[in-house]
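Starting from the given sequences, assemble the full structure and let the hints guide the process.
Protein sequence lines, in the order shown, are assigned to chains H and U.
End of the first sequence = 234 in this note's numbering, gap-free, step of one.
End of the second sequence = 383 in this note's numbering, gap-free, step of one.
In case anyone wonders, no lab produced these hints; they're calculated from the structure.
Hints should not be assumed to be uniformly reliable.
Stated by the list, open to error - What follows is a list of derived Cβ distance ranges for each label pair:
1. H:THR121 with U:GLU354: 45 to 51 Å
2. H:LEU42 with U:LYS69: 40 to 46 Å
3. U:LEU198 with H:ASN46: 52 to 58 Å
4. U:VAL194 with H:GLN112: 37 to 43 Å
5. U:VAL201 with H:GLN97: 22 to 28 Å
6. H:ASP158 with U:VAL201: 40 to 46 Å
Even glycine gets a Cβ: it sits at the ideal position worked out from N, Cα and C.
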Amino acid sequence: MAEITIRDLHFKRGDFQLQLAAVKVAAGEKIAILGENGSGKSTLLQLLTGLLASRNAISYAGQRLEHLSMLQRARCFSLLPQQAEVIFPFSVFEVILLGRFARMQGQSPAEADQQATRQLVQQLELDDLATRNFNQLSGGEQRRVMLARVLNQQARILFLDEPNASLDVRHSLEIFDYLRRQQHTLIAPVHDINLAAQFFQRFWLFKQGHLLADVSRSDLTCELLSETFNVKVSTVADSFLFSR
Amino acid sequence: MKRLLTGLLTLSFVLALCSGATWLNPFNLSGIERDILLELRLPRVLFSAVIGAMLALSGSVYQLTLRNPLADSFTTGTASSAALGAVLGIACGLPVALVPLLALFTGLGGLLLVYRLSVKAGVINPVTMILAGVVVNIVASAVISFSKFYFEESLSSIVFWLMGGFFVVDWPRLFICALLLFFCFILLQRNALQLNLLAFDEASARTMGVNVARLRALSFFLATLLVAVAVSHTGIIGFVGLITPHMARSLYGSDMKHNLTASTLLGALLLMLADAGARSIIPGGAELPVGIVTALLGGVFFLYLLRTRRDRLWHG
Chain H
-9 MAEITIRDLH FKRGDFQLQL AAVKVAAGEK IAILGENGSG KSTLLQLLTG
41 LLASRNAISY AGQRLEHLSM LQRARCFSLL PQQAEVIFPF SVFEVILLGR
91 FARMQGQSPA EADQQATRQL VQQLELDDLA TRNFNQLSGG EQRRVMLARV
141 LNQQARILFL DEPNASLDVR HSLEIFDYLR RQQHTLIAPV HDINLAAQFF
191 QRFWLFKQGH LLADVSRSDL TCELLSETFN VKVSTVADSF LFSR
Chain U
68 MKRLLTGLLT LSFVLALCSG ATWLNPFNLS GIERDILLEL RLPRVLFSAV
118 IGAMLALSGS VYQLTLRNPL ADSFTTGTAS SAALGAVLGI ACGLPVALVP
168 LLALFTGLGG LLLVYRLSVK AGVINPVTMI LAGVVVNIVA SAVISFSKFY
218 FEESLSSIVF WLMGGFFVVD WPRLFICALL LFFCFILLQR NALQLNLLAF
268 DEASARTMGV NVARLRALSF FLATLLVAVA VSHTGIIGFV GLITPHMARS
318 LYGSDMKHNL TASTLLGALL LMLADAGARS IIPGGAELPV GIVTALLGGV
368 FFLYLLRTRR DRLWHG
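Put into structure tokens, the structure is as follows:
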């Protein structure tokens, strides 16, 4: 059974329309969504996570999204929004720890939750930031912490809206490499196409709210990218080169 | 830190008991002084502590659920909307027990109006929220002032009452308020972990497993219930709910499990001291409405917050 099934998805807001006829995603797949600004990438994530109503068009492991409670959804998938923020001075460790809310049984985090969070903080090399106020970190540091919060939710599926936004090259590579090694199903709009081509297996190319192509890495051609972004595309040493 | 807070609370309680038109020495009391202490000052000090705790607890919840460091019952217009309901209830001769109910109804109406005006696509604009709160305050105050003219006899003390103060204190009122405070505190404390998630942006909070709409509705209801009952008994005492959650956050961090408790205790402490000051400041036994003292303290604190959080406020 497919991990995610989308069938006859229609969404309209003002002049913008998003349509997706039929798509299935298998467990563990890593999918990059590519497309111009305003092509519907973030809207699709909002529909997939139930933040926007999708009218029974989306199922997770055979269960319709609308039939899942908030806690069931949180155990099934987690989302890194484009602009994730926290009001008031919470520490980095507290922010990441709260990611486990859907797994917590009691009124406050158990020792196991604290332990798992400490491990994740070490794995993602966030030890130095753990006690700092989240709101006093740089944009890139905040993004890494939010990513850790999303991973700490321990959901099977990750929806990451531009996960490497504000990250430097080294951290971008580290994060994508880390995500590639995980067993999660991953769906992420990505703007850096060469990075996406390096780390993802499957690509959804969106144009004006429509799925232009659903291809594997070997089928991600210059022609397709050119049509998606309205620019000239060539390849140099296995990398895509874009020009106007 | 917890010991410090408990110590300060005890000290403030004793200080408030001894303060007033005449200073009472607890170690050397005459018969009359003992009567004054037990019959007049004890219920008054306890009442001020409970009302302070109610307002502070509501402020802690408003600031989190509205994602605005400047939110409290006064700045959201909830207190004046609730006062409007209470005034109309009294003016129309509603039974005393029903006055807080009408205050709750109008208080919730005012809060929801401000919330609806300031929220767009799930994001609350903090500046719009404060502006909407100001407008609700002005409109509610205008209707209250009009009521004073129209129902002059039944509302002769309305101006004094609107400043906020402890003019009628008795044990039954104290008992009702304390019971409500206990009930709301327990309910909110049980949801403290979930409440923490409301500090995140709406998309994150919803996908982390919390039913944001339901939790926000419950929080609004409980916080406004606290404000409505407090306002029905004491009038508008502003800014206690603004100051104390910030003090609690500085001392014990932002985790709501600690913030709810610390804000509640600090609110009790602050209003006990403010009331002690209001009872002692004018020589000759005259009493200042405590709302004037808290408004002065809160006004300065509000300006301080506006200055230090200006960028964050403007950019949401």
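- Item | Which numbered hints fail | Numbers 3 and 5, in rising order.
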